[in-house]
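Participant: These are the residues of each chain, in order.
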Amino acid sequence: AQSVAQPEDQVNVAEGNPLTVKCTYSVSGNPYLFWYVQYPNRGLQFLLKYITGDNLVKGSYGFEAEFNKSQTSFHLKKPSALVSDSALYFCVVRDHNSGTYKYIFGTGTRLKVLA
Amino acid sequence: DAGITQSPRHKVTETGTPVTLRCHQTENHRYMYWYRQDPGHGLRLIHYSYGVKDTDKGEVSDGYSVSRSKTEDFLLTLESATSSQTSVYFCAIRGGRGTDTQYFGPGTRLTVL
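Taken in sequence, the protein lines are chains A and B. Every letter in the first sequence is one number past the one before it in my numbering, and letter 83, counting from 1, is 434. Every letter in the second sequence is one number past the one before it in my numbering, and letter 39, counting from 1, is 747.
No lab work stands behind these hints: they were computed from the structure. Where a beta carbon is used, it is the ideal one built from N, C-alpha and C, also for glycine. Honestly, I wouldn't trust all of these hints.
Restraint ranges, calculated between C-beta atoms of paired labels, are given here [said to hold, decoys possible]: (1) Glu415/A with Asp781/B: 32 to 40 Å; (2) Asn406/A with Asp746/B: 30 to 38 Å; (3) Gly380/A with Lys778/B: 31 to 39 Å; (4) Asp764/B with Asn381/A: 18 to 26 Å; (5) Gly380/A with Gly759/B: 20 to 28 Å; (6) Tyr412/A with Glu787/B: 39 to 47 Å.
One-sided excerpt, in silico: chain A residues whose CB lies under 8 Å from chain B [said to hold, decoys possible]: (7) Leu407; (8) Tyr454; (9) Gly457; (10) Thr458.
Can you build the whole structure from these sequences, using the hints too?
Facilitator: Below, the structure is given as structure tokens:
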């Protein structure tokens, strides 16, 4: 079965420092991976996705993610964190083996950027 | 903004009553989804639809039913609400043209007393 794991419930980082939010996945076949963000009291927004191609994927708001097949990871990164990046981040895998477009979410990582 | 609205945005109801949540989209997308969000669980798929009258179960479908009689509307019904169904419910669509991106509605906060 396809799954994603986000090992950290919360990540704290100082403003201006680089940030990493971790995600590992388990899939059969090629993975289709995504990151979404949820700002306080708001819906979810798409950040970026990896389908195929370059292992470094660039997305919205200066975020990027590195796909690592050997480590089955898809960590979200940003070179310099902003206080406004504080939010809940979800790693997502598409369950393409089911033959339909179903998506499986990780449990989420709360990012807190400290001024 | 993919033109997704949810109604109601907030609802308080009592155990045992039926509840229907509505998701409406304006852009004619084929795929629509209902998720629930609970602390420590992320988002879990309840049901999804891949066309008018075409629906399938997700991982937490017990106690829920759905209907899609028109492309633009996807209804989620709690047949007999229980306190364990207190949650925030999100509707989503899958963007078209091979984008493989989901767009989410603003959510409905449901409290079952």
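Participant: List, from low to high, the hint numbers that the structure doesn't satisfy.
Facilitator: 7
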